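Each chain, letter by letter, is given below.
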Amino acid sequence: MTLGAGTTLAYLAAAVLFIFGIRILRSPMTARAGNLIAAVGMLVAVVATLLEFKGDASTLLMIAGVVVAGSALGALTAVRVPMTSMPQFVAAFNGVGGGAAALISFSELYKLSQLPLPEQNFVILLAILFGILIGGVSFAGSAVAFTKLEEIAFEGSVTFPLQKVVNALMFLVAVAAAVNLLIGGPMPVASAAVMLGVSLLLGVLLVIPIGGADMPIVISLLNAFTGLAAAASGFSLGNTVLIIAGALVGASGSILTYLMSAALGRSLSKILFGAVAAAGQEEAEAHDKPVTSGEPDDIGSMLANEADSVIFIPGYGLAVAQAQTAMADLMRTLEQQGKEVKFAIHPVAGRMPGHMNVLLAEAKVPADKLVDLEDINDEFDETDAVVIVGANDVVNPTAREDGNSPIAGMPILNADHARRVVFVKRSLSPGFAGIDNPLFYDQERTMMLFSDAKEGLEGVTQAVKNQG
Amino acid sequence: MAAELLSQFVVLVLAVALGFELISRVPSLLHTPLMSATNAIHGIVVVGALVVVLTARETLTMVLGLVAVFFGTVNVVGGFIVTNRMLEMFRGGGRGG
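Chains as they are written, first to last, in my numbering: chain A, 1 to 468; chain B, 1 to 97.
Just so you know, these hints were derived from the structure itself, not from any lab. These figures come from a predicted structure and were not determined experimentally. In this text, a Cβ means the ideal position worked out from N, Cα and C, and glycines have one as well. Errors might be hidden in some of the hints.
[To be verified] Only part of the chain B face toward chain A is listed, based on derived beta-carbon distances under 10 Å:
#, residue
1, 3
2, 7
3, 18
4, 36
5, 74
6, 81
7, 85
Input sequences plus hints: build the corresponding full structure.
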């Protein structure tokens, strides 16, 4: 449909605000303003739409009711989410967006199916189908990601026999429904409903086999999907602001997905379809080899007396134990004794890209102490002590040395190059990839502190203070 | 119709190119807020959902549209607020150091 000039210009303004908002998200100082600017862009687009398509009073009233309810739910959830749970709530907000795109596409198809065939445009039909498929996958996939991360269901990597066959069959059904629609076959609305149903199933099937460590990738990918679904629904509605905003998000989500899978050293298709590494494989033998274990006092005195430079390596276990503040306290205590402390952040340290940075920022660790993998890896050789909390796979030297390891090729932090290594860990159980870590058994170098991350770090902090 | 679709395609490709250009320069420090902000931006589907509701002639499309408006609003409002909360901490952390 043709929009009024005022609306088109308002949409243009909204698009510019989105672009400028994302542009200044690059710097921590201006990022907050960038987010607000994008929000203003959203408001402009919504108001322009309401002014363009004047509805009658009852429709507007219904819209108002739904908007108030949606805003209340969104806002209440958003102010309550703890930072550790951020990934699942980003997934949830992402999923409802994908669901909305699928519903829009579906209702556009319904409208189109009422028209005689010659008036149905092939390209628009394609956009509608794409919107239903990708939107549906994003909705259901995000829902599964949410339940995984919230630890409600589908934890770990869930697989069943013939999974790939089932996936392929589902995909074929979707293709059949799509072809039927495109050639103007019978029962278009029913075909679209089948398409929607299959896309929801595909979303579930796509995400259930993916284990915890690969979650950052899935979340980026689903974010990109919802962006693309929004762009597709923009095509079917002839609405440029949806196309622009959707394409921006599709592009950003794709880049983050690429960066994350590069950080895991595996291709996207391997992560999505090569499910299950070696879960549990070596667990049995892991407990038989000797390790050097220490008490908080031993570690405190080692840090106080033998270490001038210390690097902390936080993993998701730190967040699970809510030990970010305890780690920040240890940092400040060591700094008071004149030691240099840095944090090495692996790209997949949290459950979404950059998650660990957010968690440490919450604990008031200055951003300039958080160093990326590429920038810090050469420093381990000159580092006296490394303290690894709640991380395992990202410091596992087998990734570098054993070509047959399930995590072979994954870039790791060279913690094993430091003079002393401390692991704070509940037990010797392997990480998400289920691979034993030879660094545990390096009795000369490594000290294991078997403890809850928070209690362990508090104990070490106290011990360092006593030494000082 | 064809000309309109073509110009929309031009807009799409330009927006994708711009998206790549904008995002590849964001430091990894800010990846989570970035993702959360773009997550809120794809809540633009709320505009599409409003169009569906305001142009609906049958109950079915009206209901589908209203559900989509609800979903879209949750996406937009939740997304922007959560991003703002995260970015507030980054500023605080920077000052505290």
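Results for each hint:
With 10 Å as the threshold, the beta carbon of residue 3(B) stays out of range of chain A, its nearest partner Cβ sitting at about 12 Å, so the hint is violated. Here the hint on residue 7(B) is kept, as its CB sits about 9 Å from the closest CB of chain A, short of 10 Å. Among the interface hints, the one on residue 18(B) holds; its C-beta lies about 6 Å from the nearest C-beta in chain A, closer than the 10 Å criterion. Here the hint on residue 36(B) is kept, as its CB sits about 5 Å from the closest CB of chain A, short of 10 Å.
Evaluation of the residue 74(B) hint against chain A yields a held restraint, the C-beta minimum of about 4 Å falling below 10 Å. Interface restraint check for residue 81(B): the shortest CB-CB distance to chain A comes to about 4 Å, inside 10 Å, so the restraint holds. For residue 85(B), the shortest C-beta to C-beta distance to chain A is roughly 7 Å, which falls under 10 Å, so the interface hint holds.
Hint compliance for this structure: hint 1 alone is broken.
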